[in-house]
Amino acid sequence: MAKLSRHEKRERRHKRIRKKIFGTPERPRLCVYRSLNAFYAQIIDDTKAHTLVSASSIDPEFVQLTGKRGGKSIQDVQKVAEILVKKALEKGIKKVVFDRGGFLYHGKIKAFADKCRELGLEF
16 MAKLSRHEKR ERRHKRIRKK IFGTPERPRL CVYRSLNAFY AQIIDDTKAH TLVSASSIDP
76 EFVQLTGKRG GKSIQDVQKV AEILVKKALE KGIKKVVFDR GGFLYHGKIK AFADKCRELG
136 LEF
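In terms of my numbering, the sequence shown opens at residue 16 and continues consecutively.
Be aware that one or more of the hints could be misleading.
As the list claims (entries may be wrong) - Here are the simulated lysine-lysine pairs, DSS-like style, with alpha carbons at most 25 angstroms apart:
no.: 1; residue 1: LYS63; residue 2: LYS102
no.: 2; residue 1: LYS102; residue 2: LYS130
no.: 3; residue 1: LYS34; residue 2: LYS125
no.: 4; residue 1: LYS123; residue 2: LYS30
no.: 5; residue 1: LYS109; residue 2: LYS24
no.: 6; residue 1: LYS94; residue 2: LYS83
no.: 7; residue 1: LYS35; residue 2: LYS24
no.: 8; residue 1: LYS102; residue 2: LYS125
no.: 9; residue 1: LYS130; residue 2: LYS109
no.: 10; residue 1: LYS87; residue 2: LYS123
no.: 11; residue 1: LYS87; residue 2: LYS130
Honestly, the hints are just simulated from the structure, not real lab data.
Kindly produce the complete structure, drawing on both the sequences and the hints.
Below, the structure written as structure tokens:
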């Protein structure tokens, strides 16, 4: 059997996690994705398959705030968290289920989650 690549391992972890995590209207799913050039986060109601709130490091709001597009550092990820939490609280979303997307809970993913908790999201 061939050795799995890092991407294939992440996809397997993500599928395994998604079997157990489901977002509801009362407690939607906070999903994150980290590419080589950007960081994306969205809050999803899985019952309607509808994105309620989204933020990324390529959004115009992020670019206006930081002066750059597609930030990759931990500080940039924390800015994305600030934007997302602000939008979520405006819509009345306080409790979420965190979906790390198969990424290890370390580094940028952990920094994002910690910043979201610090700003008022509960998970």
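Comparing the hints with the structure gives:
no. : hint              : in the structure
1   : LYS63 <-> LYS102  : holds (19 angstroms)
2   : LYS102 <-> LYS130 : holds (14 angstroms)
3   : LYS34 <-> LYS125  : holds (21 angstroms)
4   : LYS123 <-> LYS30  : holds (21 angstroms)
5   : LYS109 <-> LYS24  : violated (31 angstroms)
6   : LYS94 <-> LYS83   : holds (12 angstroms)
7   : LYS35 <-> LYS24   : holds (18 angstroms)
8   : LYS102 <-> LYS125 : holds (20 angstroms)
9   : LYS130 <-> LYS109 : holds (14 angstroms)
10  : LYS87 <-> LYS123  : holds (9 angstroms)
11  : LYS87 <-> LYS130  : holds (16 angstroms)
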